[in-house]
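Protein chains in written order, with my numbering: chain Z, 200 to 593; chain Y, 25 to 317.
The hints are simulated quantities; they were obtained by calculation from the structure and are not laboratory data.
There could be a bad hint or two in this list.
Cβ-Cβ distance ranges computed for the label pairs, FRET-style [unchecked claim]:
(1) Y/K270 with Z/W353: 35 to 41 Å
(2) Y/A295 with Z/A312: 15 to 21 Å
(3) Z/R370 with Y/K133: 25 to 31 Å
(4) Y/G91 with Z/R341: 44 to 50 Å
(5) Z/V326 with Y/E294: 29 to 35 Å
(6) Y/G246 with Z/F360: 30 to 36 Å
C-beta atoms are modelled at their ideal positions from N, C-alpha and C, and glycine is treated no differently.
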Amino acid sequence: MKIQEADAKLLLRAQGLPVPPWTVARSASEARTAAATYLAHGASAVVVKAQVLVGGRGKAGGVKLARTADDAESVASAILGMSIKGITVRKVLVGPAAEIVQEFYLGAILDRASRRIVVMASAEGGVEIEEVAKRDPGAIHRETAHPFLGLADWQARRLAFAVGLGGVHLRTFVAIAKGLVTTMTTYDADLVEINPLAIVRETDADGNSLVKLLALDAKITLDDSALPRHPDLEALRDLGEEDPADVEARTHDLSFIRLDGTIGCMVNGAGLAMTTMDLVKRAGGEPANFLDIGGGARADKVAAAMRLILEDRKVQAILVNIFGGITRGDEVAKGLIEARSQQHREVPMVVRIVGTNADEAQRLLREARFETAATLDEAAEKAVAAARAVGGAA
Amino acid sequence: MSILVGRDTRLVVQGITGREGEFHARQMQEYGTNVVAGTTPGKGGRTALDGTVPVFDTVTDAVRETGANVSVIYVPSAGAPDAILEAVGSGIRTVFCITEGIPALDMLKVVEIVAAAGARLVGPNCPGATSPGRAKVGIIPGSIHREGRVGVVSRSGTLTYEAVQAMTDAGIGQSTCIGIGGDPIVGTTHLDVLRLFAEDPETDAIVLIGEIGGSAEEEAAGWAATHLADVPKVAFIAGRTAPEGKRMGHAGAIISGGSGTAAAKVAALEAAGFLVADSPTEIPTLLRRAGVH
């Protein structure tokens, strides 16, 4: 689960990491009030940042500076309601603009190959780490945290010296790098990223200039499997930004991802669901979704899955592919028959059920006059042909 | 011979009195697996599967009383990491964890302890393994198999069944079929299984089934290119149409930052001498083409 920048900063701050102050505003007037407060307390400008869970908001115009409260209000009013990669901005983060001296990248990820948490640092901050990895892999320095001991001080120091933070910022950097791993393990995150981690210049009340390290942006992805033991983090889920279909799928414990095509797919098992999509494509069609009903799905779950697929108006045919193991074919067939009886629009359906109780499933489907297929390839071809027939008639 | 499970398997089922545990313990027994014990803390002294299998409080008791040497775990996710540690701590050397939904950071610690103990963990979130005609451990339906000499390794459950069924229908049998699980952190990788197959005198050919995410398939391909050069090798990769940045059901199945794509995996496998199928149903044809009879 992705969480918003403001929530990620909250978690970093709770772990003692240096994060500049911020306010979340849901309207232009709230943004104005927040900006006025920061400007009155010595900030020379404020930054207004769209809070969305997709990358590239800067390029999309979702991050702007403002020098006055009036400015902040108009900038916020432009950003709120703007669409970034299909997501409507509903909230902005307002905070004092930092005078950046130098930017760095610091991130911790769950590395599958080494089965370890890997901490990465780079002197090339503020740009996407994937770009740096492609352009100049040598610019990224890595340390592997121990599963029981975390990141050792010497490892954090080695990273600091590697990116050129060996001087006055050494101790702070070591604390931040170790804190990144602690943040990860405390909240069961699989990604914690500070980009940029910046040396910023600040002027204190007496007019003295000082420099310090601050986490100016934060990105955290939480492990969905661990959310049951972090009910407080589950509350950070941004339902406003989620597709209602995703919310619906989660309540029925279905794994569902909406795509752009016209062939709805219902499958048991993630690998087989992906394969079914691939074969739809190979047969000349486009899948409308990924949908794994999971193992042991019963009739009511099948019916819920069918409703989800049919809510998508683009769907012109449905392909059901079930390889019964734990899942019983006859249960799926009953669910399909029930779902079709409640269906509000006519969509051709091709059903292929093999494995456990497949014979009984075939009998039920035959009696209910469903179109069936023997193999997965045949099912994909029939579904694509059915969608073409519907599309042609429309 | 076969690998990981076979005629010498003496299986303890952790969580045998649960709904899933009991159902699958019965299926395994009916297939011919030697299910020697079950465990559920607090239910020691009872029996399961119509009085044929003794239930113990601890895996230690089960090992001592029955000589169990392989464990399979059906306990819920909150207790599964501990169940793995219990098996390893009780001297079991081969552990299959079927349970899904275990937090990845828990698994980081578990795999560390399993490795230090010199044991092997398959999974979690895996369907288990079957050596046709000898034993099955896990949840793979026994009916799809046929005895033979092709080793199958896969991350998935039902996708594996699909591929194995196609092989069996075409008259191509299997030495062992293993599902290693779809989580980001698993105890046994594709490469680990290829090493085992390479040493198995009863495995003459390999089927590798992978999916988007990570780089385990590429690593296995690189090793196979030199160590399994003369062995017929066929592969299938799921997720050619998967969009970037979306988790496709399995916690590990995600393309991120342009890496973990199906195209990259297919290219690595082809470069390593694998024939890569476009559909699971093509696997038997490609096996024949690669020299399997």
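Mind listing which of the numbered hints don't hold for this structure, in increasing order?
-> none
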